[in-house]
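Let's have the full structure, built from the sequences with the hints guiding it.
Chain order of the listed sequences is A and B. Following my numbering from start to finish, the first sequence increments by one per residue and tops out at 483. Following my numbering from start to finish, the second sequence increments by one per residue and tops out at 483.
Since the hints were derived computationally from the structure, they do not count as laboratory data. Treat each hint with caution, since some may be false.
In this list, chains with the same sequence are indistinguishable; a pair is considered to hold if it fits within one copy or across any two.
[Unchecked claim] Lysine to any residue pairs mimicking SDA-like chemistry, simulated, CA-CA at most 20 angstroms apart: (1) K111 / D49; (2) K241 / D49; (3) K219 / V183; (4) K111 / A70.
There are 2 protein chains.
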Amino acid sequence: MKSSNRWIPALIVSMAALVVAVRAGARPAPTGMNEGANAPERHFLSADVRRVAVELREKAFAGTRAADWVRGLSDEVGSRLSGSPGDTASIAWALATLKAQGFTNVRAEKVMVPAWYRGVETGEVTAPYKQRLILAALGSSPPTPEGGLEAEVVEADSIEAMEAKGADAVKGKIVFFNKRMERASETRGYGYAVDVRTRGPVRAAQLGAAGVLIRSIGTDHNRLPHTGNVDYVADVPKIPAAALAIPDAETLERLLRQGKPVRVRFTLTCGQRPDAESANVIGEIRGSGKPEEIVLLGAHRDSWDLGTGAIDDGAGCGIVIEAARLIGQLPKHPPRTIRVCLYANEENGIAGGKAYFKAHEAELSKHAAALESDSGTDYPTAFGWTAGPSAEPFAKEVSAILQPLGAGTLIPGGGGADVGTIKIAGVPMFGLRQDSSRYFDYHHTANDTFDKIDPEGLDRNVAAVAVFAYCAASSPEMLERIPPDKREEPRRRPGTPAPSAR
Amino acid sequence: MKSSNRWIPALIVSMAALVVAVRAGARPAPTGMNEGANAPERHFLSADVRRVAVELREKAFAGTRAADWVRGLSDEVGSRLSGSPGDTASIAWALATLKAQGFTNVRAEKVMVPAWYRGVETGEVTAPYKQRLILAALGSSPPTPEGGLEAEVVEADSIEAMEAKGADAVKGKIVFFNKRMERASETRGYGYAVDVRTRGPVRAAQLGAAGVLIRSIGTDHNRLPHTGNVDYVADVPKIPAAALAIPDAETLERLLRQGKPVRVRFTLTCGQRPDAESANVIGEIRGSGKPEEIVLLGAHRDSWDLGTGAIDDGAGCGIVIEAARLIGQLPKHPPRTIRVCLYANEENGIAGGKAYFKAHEAELSKHAAALESDSGTDYPTAFGWTAGPSAEPFAKEVSAILQPLGAGTLIPGGGGADVGTIKIAGVPMFGLRQDSSRYFDYHHTANDTFDKIDPEGLDRNVAAVAVFAYCAASSPEMLERIPPDKREEPRRRPGTPAPSAR
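This is how it looks when you write it as structure tokens:
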């Protein structure tokens, strides 16, 4: 940006802030120190609140203990697939950690979750050459017949391309969705490609396919497949579905380019046990003025089973725990309560998010704001918000304080798969966009382990979340709710990022 | 190098070349075109030979078919562990490919090879926390007892550190060799670290250890372990040995740092079948003048079983096949025969190299020179030679022609694990040093697949090998043999690079 133009957005912010400040009865306060270059000249938040927010930012930016919490969850518990022993163990870990770190009202709120399990998974090209294929069952997939499923492969680079081939070409075959995900600093590459995983198996089954293989939705070239959930539907046959590691998908592609029929056999012994008991684990930093009003910070405690869930979503758990803990250590807590919720079952069901809605429906009107952290440790690059229009000065003021973290750009968005379940009640949603250039190298693979955690990125996210949470817990009034016509989430898949982050 | 000094090495080269040229009865020839900045002014090779060598270089540098041969071996055969079905299939592939590409005297020379197989392999931390460990049996390892081997872990960052702990600390334990390999453009990081794999299990067994786990000898952070061979010895108990993926080794390291005893269980069902029949596959570009004199180009046809052996050593096979094929397409073949040998069993035995020595002992005095390609597709950075002193002008002249490829630096070295078996007969050894900064991210892992092949690097290596082979097949006289006191290879492990490349 040219320096001669820098006053324009600042002026717009100032004017908007003035309108709101007058409406809220607040007096304009002097400009806070260190709030970043685009700080407004009139303020929605008090100088004291802004000063403390800046101090929180500086403290967290200089180094936090968030990596300790991620390491605990990753090393001492490990993978946490819903309904697995790791899921159960992580409930105890989360309760103990929140209690030890001074949270109050720490409890596990029961959630019944699906209990899908993986089992054995093998694959091979059987013709025209023998070649081992490394693959992973997609979440919720049924098993193959015993001895495996063998059929000729039909390749399509999208659902639409498969449907254009028609049922005659697909019936009895293994559909190979070979859709490439683009590497990008935002998650749009994922959003573009992931439909072959979430919806592909159902659409292929509708054309009579026997099974589905997809090119993993990821950006790496490791022989580590990316799992993720399939949205099977009740009235369409569930066919076995697996993700090929990207090098294996490319081998299959090269063999298909030779023009001879290619046959593949794959064997999955995955399946579904009866729903199991899990929990949303909650802890609070009690508000000093209006403790019944809540700022909700969410992350998900469950993970896929292949890795140890360090980036997805151990990182988010570490970020929200640490952000709240730092606020809890302040000499005076902010007026509202900061509630951390470590959700059950984000990856294959959102049962935790749905259970939270049910259990807390009566107090949703007291939820002042919500944010979810679920994008690993990559640097925050923007601050997203969705609320009533009069909340804009608040969002701008927070984004100004986030500027030195690199997250000062204000964008529409916020929320997430878990906290998004209370959007219907109008709760204002916030969030950080993170640079996801490398996130999808590891996402949903065995490579999601603690060595992938970037401590500096983790600290930047802690700083940003702490600033947001402290400001939201300190704003003079409740922020204006999301207008009723904007409370519906667009159709979104479990395990995919919020549309705002696409 | 400053330009004002550039004449000094050229002068030295010129003087040395003059001495040799006079001795060899050759007349000084005019400077060849395009031979690179450090071309000598007096020449050992004729202007015609140098011109053709430069043309070969230019042609290959602009693009070759080497990737086709690598793709064939990788996609249509796949992994080729000695004695496995892939090993057998690759013999037929190699014979057919060499015949189809116009080689003469194509044949498979029988070699009996060890037939080690992998089986199932699992690992887990059992205390103080449960944690899955991804590991791979090391080549030649015996199986664990049924149900696995469980014991407390003793960590050591070197063989010497383990020995300093003494037998009391090691007896009955699982020794965890946690020795880090440094990323480097040369292979010295590998040479430094690999002793814990090749010799560690024997030394640990001598102290009474029950088993060995090593941090994979590699430079990546993927959950894909690096296998490789163990040199078990006859009079020491063979104990089970496996490599942990690097993230898993780091998890184990972090758990050990907590100070509590750490127990691990691992299960291997690997084993050894009776020796199996394999083959060195040979094809020739027959010499036009002295066809009984041979320039030997070697690579190994076998691979480890985890990947498809694209970089190790499909790349080398592709490079030597293509270099010889390009020479075969010349209007006139060089005087000597260029023999390509795709060796059996480099990785776990060198049975192919030993069999070549036995089968060809009578004609080793007619072997003019040998080169092996076994470092993937990374760019060549130097040209190595080991021969009698009077061969130096030849080496310098070749290196001058390699200058535009980035491989103009002349270094001591050459040879390789397979062709090195005939060094004892004094056969001059040559080789390319390649930049191996990324090679050990993939080496001996499931990630060694065709997508890791860099076509431009492949072509640069083809160009360099073709130049060398053509010049060696065209030099006026046989090059001076390696002096008898320099023919012994230093003790070297199967599957490790030649000492020259360390």
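Against the structure, the hints:
1. K111 / D49: Between copies, since 18 angstroms is at most 20 angstroms while 46 angstroms is not.
2. K241 / D49: Classified as between: cross-chain Cα gap 17 angstroms, same-chain 53 angstroms, threshold 20 angstroms.
3. K219 / V183: For K219 and V183, only the intra-copy Cα distance (7 angstroms) is at most 20 angstroms; the inter-copy one is 52 angstroms.
4. K111 / A70: Answer is between: at 10 angstroms across copies they meet the 20 angstroms cutoff, but 42 angstroms inside does not.
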